[in-house]
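Enquirer: Each chain, letter by letter, is given below.
Number of protein chains: 4
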Amino acid sequence: MDSLHIGSYTFSSRLILGTGKFSSSSVMLEAVKASGTQLVTVALRRFNREQPGDDLFTPLTSIPGITLMPNTSGASTAAEAVQAARIARELSGSPFIKVEIHPNPQHLMPDPIETYEASKILAKEGFLVMPYIPADPVLAKRLEEAGCVSVMPLGSAIGSGQGLATAEMLKIIIRESAIPVIVDAGLRSPSEAALAMEMGCDAVLVNSAVAVAGNPPVMAEAFAEAVAAGRKAFAAGIMEKSGIAVATSPLTSFLGTEA
Amino acid sequence: MDSLHIGSYTFSSRLILGTGKFSSSSVMLEAVKASGTQLVTVALRRFNREQPGDDLFTPLTSIPGITLMPNTSGASTAAEAVQAARIARELSGSPFIKVEIHPNPQHLMPDPIETYEASKILAKEGFLVMPYIPADPVLAKRLEEAGCVSVMPLGSAIGSGQGLATAEMLKIIIRESAIPVIVDAGLRSPSEAALAMEMGCDAVLVNSAVAVAGNPPVMAEAFAEAVAAGRKAFAAGIMEKSGIAVATSPLTSFLGTEA
Amino acid sequence: MDSLHIGSYTFSSRLILGTGKFSSSSVMLEAVKASGTQLVTVALRRFNREQPGDDLFTPLTSIPGITLMPNTSGASTAAEAVQAARIARELSGSPFIKVEIHPNPQHLMPDPIETYEASKILAKEGFLVMPYIPADPVLAKRLEEAGCVSVMPLGSAIGSGQGLATAEMLKIIIRESAIPVIVDAGLRSPSEAALAMEMGCDAVLVNSAVAVAGNPPVMAEAFAEAVAAGRKAFAAGIMEKSGIAVATSPLTSFLGTEA
Amino acid sequence: MDSLHIGSYTFSSRLILGTGKFSSSSVMLEAVKASGTQLVTVALRRFNREQPGDDLFTPLTSIPGITLMPNTSGASTAAEAVQAARIARELSGSPFIKVEIHPNPQHLMPDPIETYEASKILAKEGFLVMPYIPADPVLAKRLEEAGCVSVMPLGSAIGSGQGLATAEMLKIIIRESAIPVIVDAGLRSPSEAALAMEMGCDAVLVNSAVAVAGNPPVMAEAFAEAVAAGRKAFAAGIMEKSGIAVATSPLTSFLGTEA
Numbered sequence: 001m002d003s004l005h006i007g008s009y010t011f012s013s014r015l016i017l018g019t020g021k022f023s024s025s026s027v028m029l030e031a032v033k034a035s036g037t038q039l040v041t042v043a044l045r046r047f048n049r050e051q052p053g054d055d056l057f058t059p060l061t062s063i064p065g066i067t068l069m070p071n072t073s074g075a076s077t078a079a080e081a082v083q084a085a086r087i088a089r090e091l092s093g094s095p096f097i098k099v100e101i102h103p104n105p106q107h108l109m110p111d112p113i114e115t116y117e118a119s120k121i122l123a124k125e126g127f128l129v130m131p132y133i134p135a136d137p138v139l140a141k142r143l144e145e146a147g148c149v150s151v152m153p154l155g156s157a158i159g160s161g162q163g164l165a166t167a168e169m170l171k172i173i174i175r176e177s178a179i180p181v182i183v184d185a186g187l188r189s190p191s192e193a194a195l196a197m198e199m200g201c202d203a204v205l206v207n208s209a210v211a212v213a214g215n216p217p218v219m220a221e222a223f224a225e226a227v228a229a230g231r232k233a234f235a236a237g238i239m240e241k242s243g244i245a246v247a248t249s250p251l252t253s254f255l256g257t258e259a
Numbered sequence: 001m002d003s004l005h006i007g008s009y010t011f012s013s014r015l016i017l018g019t020g021k022f023s024s025s026s027v028m029l030e031a032v033k034a035s036g037t038q039l040v041t042v043a044l045r046r047f048n049r050e051q052p053g054d055d056l057f058t059p060l061t062s063i064p065g066i067t068l069m070p071n072t073s074g075a076s077t078a079a080e081a082v083q084a085a086r087i088a089r090e091l092s093g094s095p096f097i098k099v100e101i102h103p104n105p106q107h108l109m110p111d112p113i114e115t116y117e118a119s120k121i122l123a124k125e126g127f128l129v130m131p132y133i134p135a136d137p138v139l140a141k142r143l144e145e146a147g148c149v150s151v152m153p154l155g156s157a158i159g160s161g162q163g164l165a166t167a168e169m170l171k172i173i174i175r176e177s178a179i180p181v182i183v184d185a186g187l188r189s190p191s192e193a194a195l196a197m198e199m200g201c202d203a204v205l206v207n208s209a210v211a212v213a214g215n216p217p218v219m220a221e222a223f224a225e226a227v228a229a230g231r232k233a234f235a236a237g238i239m240e241k242s243g244i245a246v247a248t249s250p251l252t253s254f255l256g257t258e259a
Numbered sequence: 001m002d003s004l005h006i007g008s009y010t011f012s013s014r015l016i017l018g019t020g021k022f023s024s025s026s027v028m029l030e031a032v033k034a035s036g037t038q039l040v041t042v043a044l045r046r047f048n049r050e051q052p053g054d055d056l057f058t059p060l061t062s063i064p065g066i067t068l069m070p071n072t073s074g075a076s077t078a079a080e081a082v083q084a085a086r087i088a089r090e091l092s093g094s095p096f097i098k099v100e101i102h103p104n105p106q107h108l109m110p111d112p113i114e115t116y117e118a119s120k121i122l123a124k125e126g127f128l129v130m131p132y133i134p135a136d137p138v139l140a141k142r143l144e145e146a147g148c149v150s151v152m153p154l155g156s157a158i159g160s161g162q163g164l165a166t167a168e169m170l171k172i173i174i175r176e177s178a179i180p181v182i183v184d185a186g187l188r189s190p191s192e193a194a195l196a197m198e199m200g201c202d203a204v205l206v207n208s209a210v211a212v213a214g215n216p217p218v219m220a221e222a223f224a225e226a227v228a229a230g231r232k233a234f235a236a237g238i239m240e241k242s243g244i245a246v247a248t249s250p251l252t253s254f255l256g257t258e259a
Numbered sequence: 001m002d003s004l005h006i007g008s009y010t011f012s013s014r015l016i017l018g019t020g021k022f023s024s025s026s027v028m029l030e031a032v033k034a035s036g037t038q039l040v041t042v043a044l045r046r047f048n049r050e051q052p053g054d055d056l057f058t059p060l061t062s063i064p065g066i067t068l069m070p071n072t073s074g075a076s077t078a079a080e081a082v083q084a085a086r087i088a089r090e091l092s093g094s095p096f097i098k099v100e101i102h103p104n105p106q107h108l109m110p111d112p113i114e115t116y117e118a119s120k121i122l123a124k125e126g127f128l129v130m131p132y133i134p135a136d137p138v139l140a141k142r143l144e145e146a147g148c149v150s151v152m153p154l155g156s157a158i159g160s161g162q163g164l165a166t167a168e169m170l171k172i173i174i175r176e177s178a179i180p181v182i183v184d185a186g187l188r189s190p191s192e193a194a195l196a197m198e199m200g201c202d203a204v205l206v207n208s209a210v211a212v213a214g215n216p217p218v219m220a221e222a223f224a225e226a227v228a229a230g231r232k233a234f235a236a237g238i239m240e241k242s243g244i245a246v247a248t249s250p251l252t253s254f255l256g257t258e259a
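Protein chains in written order, with UniProt numbering: chain A, 1 to 259; chain B, 1 to 259; chain C, 1 to 259; chain D, 1 to 259.
Possibly wrong hints are sitting among the right ones.
Output of the computed footprint for chain C on chain B, the stretches with three or more beta carbons under 8 Å from beta carbons of chain C [what the hints assert, rightly or not]: (1) 61 to 72; (2) 83 to 97; (3) 102 to 108.
Anything over 10 Å on all C-beta distances counts as not near chain C; from chain B, calculated [to be verified]: (4) Val27; (5) Phe57; (6) Pro112; (7) Tyr116; (8) Ile121; (9) Ala123; (10) Lys124; (11) Pro134; (12) Ser156; (13) Ala157; (14) Ser160; (15) Met199.
Which chain D residues face chain C? A few, computed with CB under 7 Å, are given here [claimed, not checked]: (16) Leu4; (17) Glu125; (18) Ala167; (19) Val212; (20) Ala222.
I should point out that these hints are in silico values taken from the structure, not numbers from a laboratory. Using N, Cα and C, we set each Cβ at its ideal position, and we do this for glycine too.
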């Protein structure tokens with residue numbers, strides 16, 4: 001079967017969900033269930049044993065088949081991210097860590113230098129490291145060589161809904177990568193998730209587009225179907241673009257055979 | 001339920017399939033079945049009672065739940081299209097007619113003047129007229145006023161796989177139309193079909209993208225799923241694009257609450 | 001020299017200016033002068049002998065080297081356009097007529113049926129007919145056959161600044177046309193005008209982008225330079241796009257020859 | 001006057017030329033002259049005192065008003081680039097160094113880690129450092145903080161002619177940068193150079209698009225004019241895009257005032 005392999009883990013779903021920005025935890029949980037996702041990312045801050053009302057750890061891990069991937073969102077240096085990752089592993093028991101280091105709160109763009117530094121350290125410590133990165137082919141390759149289990153280049157700025165603005169760079173990353181390439185950030189709608197899969201991405205991570213949709217659980221379903229459709233199309237062999245029209249219908253003597 | 005209404009007909013599938021360019025009739029029939037389509041277009045020439053080997057009428061109508069929509073492909077004037085439509089109705093019994101008038105065999109672009117003329121005549125004769133047209137908002141509105149049950153603007157040149165190259169015009173057509181708007185021609189992959197639905201199209205017609213795919217029946221399934229996903233997203237309320245990133249994760253004192 | 005030929009007229013400038021939407025007539029006249037344009041379009045209503053303050057005819061024709069092209073803007077049928085054209089010829093003495101027929105005041109999209117009808121009549125009456133049309137390859141060809149001296153397909157909706165949204169259709173029109181193809185409507189900035197020329201357009205018509213610019217005369221100059229640059233690039237032979245990087249710099253033993 | 005300031009240098013031209021890939025040195029020199037550029041980049045290898053036939057240093061510096069910017073093309077580590085930069089300064093006397101570090105000869109994408117490292121070192125050594133980088137907003141900001149005098153993000157892969165594929169990232173870089181932002185790599189035609197300037201870039205570097213044009217000197221002129229036009233448009237205030245058409249011509253009672 002066509003499964004997604006990350007480290008030693010196997011997933012049948014290729015849709016990863018983020019848990020921020022939902023109007024409530026219950027809407028978020030509904031969307032997670034509706035999406036059929038098997039991998040969910042949660043900010044460290046939401047592992048909150050002291051204020052159970054804010055805690056996402058317990059409700060998420062009670063959904064069957066869900067693996068948690070803590071993230072280091074909020075970190076602005078490698079040192080902060082490494083510290084956050086260690087705490088997250090202790091609290092969650094998950095070997096996954098999504099390295100997110102974004103010094104600028106305006107656009108949350110990842111810092112390539114700090115991300116590379118933190119990822120190297122964490123990979124050595126045995127984490128399954130999945131770094132959120134700019135769509136930078138050389139950085140992606142270096143992170144693979146540093147032992148990351150996946151790279152997560154951005155499609156466009158987090159929360160912007162600008163879609164696959166980095167498509168040309170993503171194509172190069174996909175062509176060269178020996179580990180799964182997962183588009184993270186910027187996707188606005190299911191068609192864009194399908195397109196990412198058609199291009200050869202291994203999975204997509206979606207958050208805002210589901211969280212702020214009119215109906216988040218239905219949107220989560222739509223993303224799940226679109227990701228599956230895009231993957232299926234990728235496997236089925238997509239036609240080439242052409243500058244020249246080629247007829248699909250007979251053009252000559254249209255009444256000829258009936259005459 | 002969210003059904004597609006064309007004339008007095010109701011369809012649950014929003015994917016219409018063309019039958020040209022397949023490597024064989026049996027592959028085409030498999031793809032039609034896999035797609036779950038309920039409306040299939042066939043060139044008049046393929047209603048062939050004298051050469052049963054070429055005939056598509058009998059095998060297609062034996063698939064449960066399929067409605068045939070003959071087309072006038074090959075016609076280059078209104079008079080030819082009207083003549084073809086009358087013969088097609090007699091042969092097929094279908095009230096639908098897809099008016100296709102394209103004088104230029106190089107690119108098969110529709111002729112707006114002849115198409116308008118033929119559509120007016122056929123609508124008066126009681127056909128359910130579905131004209132293949134350029135993505136021209138005023139022409140679309142005039143065809144609606146002339147009694148067409150749907151308009152079928154092109155996404156891009158037939159067989160080109162250029163996708164929704166006419167998107168800006170399609171948006172205006174969709175905003176103004178009181179009859180279903182069905183994108184016809186040019187779609188290359190399921191993500192483009194999903195995008196058409198997200199924009200508010202009522203259905204899409206696909207032919208080449210399925211027919212020349214590596215695996216046509218699987219591609220037909222992928223299109224069906226993508227169309228459903230796009231429609232679902234349209235209904236669920238898609239987020240707005242924004243030039244400014246908005247954080248999905250907490251940004252301040254990332255270790256604060258854990259401290 | 002590389003001149004633009006329309007009918008029996010020859011122009012060295014390939015930038016045509018519209019005269020609507022300026023903050024004042026004096027700003028408009030300044031912009032016209034700064035642009036170096038030789039062909040300017042004016043709505044019939046602005047040939048106003050009774051209210052000289054509103055009249056654009058006299059000041060425009062006093063600029064050396066300017067040819068006026070009256071337009072039928074405001075007409076919503078062929079009959080209205082034909083009537084307007086005849087009055088315009090009498091008032092202006094210009095053999096040019098820009099046929100603009102747009103029934104919908106919301107988006108001002110051209111009506112292909114009425115435009116075709118009016119253009120046929122006016123061409124027979126000896127006008128130099130330049131119709132504003134949708135980017136419709138078959139309509140463009142039919143208007144050429146009807147005796148028009150140029151076709152003016154829209155880049156996008158008038159005043160929208162959406163640029164060359166119809167680029168794929170424009171390419172087909174350009175490839176097939178034996179008369180000048182002039183992109184009219186939708187251009188937002190000089191780079192888009194340059195791109196139109198690089199694609200092989202013969203000229204561009206700009207109005208809003210100059211009229212509502214911060215500094216209209218400077219913007220008019222910028223458009224003039226960009227049109228010239230785009231035409232020059234078209235003539236000089238533009239490189240092909242490629243999916244694969246090709247090195248521009250030596251890659252091997254970078255210090256080798258210095259060692 | 002609207003000049004480009006880089007370090008303590010002032011340039012009136014905003015077009016920088018590369019010198020690779022020309023069919024001959026004499027064609028390259030003609031193109032440089034035709035472009036009016038004042039800043040030209042040359043690979044270290046082309047400072048060749050032992051094989052005067054290959055040497056570009058002498059002929060380029062004999063063109064009045066030209067400043068040379070050696071580049072480290074061919075380097076794949078920071079150490080190699082630093083070494084190359086020092087040699088280049090000695091040979092050329094130029095304080096400028098374009099840091100190019102691209103480990104992969106297939107696509108020549110810049111290495112962000114090595115580029116950052118080398119740029120820090122060279123800035124401390126007093127070079128006017130201009131690094132070729134991915135379109136990565138955080139990296140750009142860090143290079144500014146490290147003392148670079150400009151950043152040179154790529155539009156798309158070197159030699160690909162894919163144009164401003166990274167536009168959304170470039171916009172963020174431009175918005176945040178306190179030093180000149182110069183688009184380097186990927187531009188295919190003058191319209192793209194004009195667009196870069198309209199977006200607010202301070203300059204563009206072009207090489208392949210001129211070198212492989214049908215007529216390189218004429219193409220160089222076209223780029224120079226387009227860059228000037230784009231800058232002028234940026235200064236003149238470009239109109240906003242809009243989804244809704246706004247009439248430029250009077251819409252009501254088009255014959256009213258003439259009646």
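Enquirer: Work down the list of hints and note, for each, if the structure agrees.
Expert: Verification of the supplied hints:
Under the rule that three or more residues need a Cβ within less than 8 Å of chain C, the assignment of the region 61 to 72 of chain B is violated, with 0 such residues. Evaluation of the coverage hint for the region 83 to 97 of chain B: breached, as 0 residues show C-beta separations to chain C shorter than 8 Å, against a requirement of three. Requiring three or more residues with a Cβ within less than 8 Å of a Cβ of chain C, the coverage given for the region 102 to 108 of chain B holds, as 4 such residues are present. A cut-off of 10 Å between C-beta atoms confirms that Val27(B) is not in contact with chain C; the least separation is 29 Å.
The non-interface label for Phe57(B) is consistent with chain C: the shortest C-beta to C-beta separation is roughly 30 Å, beyond 10 Å. Distance check on Pro112(B): its Cβ comes as close as 5 Å (rounded) to a Cβ of chain C, failing to clear the 10 Å threshold; non-interface status is violated. Non-interface call for Tyr116(B) relative to chain C: violated, since the shortest CB-CB distance, roughly 6 Å, does not exceed 10 Å. No beta-carbon of chain C is positioned within 10 Å of the beta-carbon of Ile121(B); the least distance is around 14 Å.
No beta-carbon of chain C comes within 10 Å of the beta-carbon of Ala123(B); the shortest separation is about 15 Å. Every CB of chain C lies more than 10 Å from the CB of Lys124(B), the least distance being 17 Å, so the non-interface label holds. The Cβ of Pro134(B) sits about 4 Å from the closest Cβ of chain C, inside the 10 Å cut-off, so the non-interface label is violated. Here Ser156(B) does not stay apart from chain C, with its beta-carbon only about 5 Å from theirs, under the 10 Å limit.
Distance check on Ala157(B): its Cβ comes as close as 7 Å (rounded) to a Cβ of chain C, failing to clear the 10 Å threshold; non-interface status is violated. For Ser160(B), the requirement that its beta carbon stay farther than 10 Å from each beta carbon of chain C is not met, with the minimum near 8 Å. With a cut of 10 Å on Cβ distances, Met199(B) stays outside the contact zone with chain C, its closest approach being about 14 Å. Using the Cβ-Cβ criterion of 7 Å, the hint placing Leu4(D) at the interface with chain C is not satisfied: the shortest such distance is roughly 17 Å.
Interface restraint check: Glu125(D) against chain C, minimum CB-CB distance 18 Å, threshold 7 Å, status violated. Annotation: Ala167(D) was flagged as interfacial toward chain C, and the flag is violated, the nearest CB pair being 12 Å apart, outside 7 Å. Below 7 Å, beta-carbon pairs count as interface contacts, and Val212(D) has one with chain C at about 5 Å; its hint therefore holds. Checking Ala222(D) against chain C: minimum C-beta separation of about 4 Å stays under 7 Å; hint holds.
In summary, the numbered hints that this structure violates are 1, 2, 6, 7, 11, 12, 13, 14, 16, 17 and 18.
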